[in-house]
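Keeping their order, the protein sequence lines are chains A and B. Using my numbering, the first residue of the first sequence is number 604, and each one after it goes up by one. Using my numbering, the first residue of the second sequence is number -6, and each one after it goes up by one.
Do not take every clue at face value.
Partial chain B-side listing against chain A, Cβ under 7 angstroms, derived [to be verified]:
hint, residue
1, D42
2, N46
3, T96
I should point out that these hints are in silico values taken from the structure, not numbers from a laboratory. Ideal placement from N, C-alpha and C gives every residue a C-beta, glycine not left out.
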Amino acid sequence: DAGITQSPRHKVTETGTPVTLRCHQTENHRYMYWYRQDPGHGLRLIHYSYGVKDTDKGEVSDGYSVSRSKTEDFLLTLESATSSQTSVYFCATSHHGGSSNYGYTFGSGTRLTVV
Amino acid sequence: GENVEQHPSTLSVQEGDSAVIKCTYSDSASNYFPWYKQELGKGPQLIIDIRSNVGEKKDQRIAVTLNKTAKHFSLHITETQPEDSAVYFCAAHITGNQFYFGTGTSLTVIP
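My request is simple: use the sequences and hints to build the entire structure.
So this is what it looks like as structure tokens:
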């Protein structure tokens, strides 16, 4: 995961505050994804992007928004953080996206705690 | 959508023994099945994958088998070593769709 950097690595925030997580890649991959990881649920897709300014919702998108203004950066924003959004967030990239069967490259994750 | 179930959730084995993790999927259109290893504090890393036109694939001590009729696939690790201790995730993918992940198996290899 050397080509994918997530920031911050850890964050504690208060309920109701906005939070932005950043994913930066040097892989020049077209497709980028945000997942959350919770015990008993595995990895669940929040949002994904198939190109600059092209994004779409995943299965757990409520309360989250994303933006992608450059190929290398994919931002995840919690407009008003809630305790249910306490989780570990992973960014992933893929060169081929869903059109071909290739695995993802994951970042190291951001541990977010909402108090 | 696709539903992937993974068992067991935890697994402990003695060093040198084999470990087997099993996954089932619900959508017969799934045609790609990767396995990921996640070490503590790190992101998941792809370790092996199999496509639906293949029944088995090996890479040194790890192997994956696929039974399309029964809709299940398994990860086999032989001659386990302490560095194999991690959380393992299976996933199923339909071309043009997203990946669906299992809930993970925490493997502990006891020296």
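Here is what the structure says about each hint:
Interface restraint check for B:D42: the shortest CB-CB distance to chain A comes to about 6 angstroms, inside 7 angstroms, so the restraint holds. Given hint, B:N46 at the interface with chain A, is violated; its Cβ is 10 angstroms from that chain's nearest Cβ, farther than 7 angstroms. Checking B:T96 against chain A by beta carbon gives a least distance of about 4 angstroms; that is within 7 angstroms, so the hint holds.
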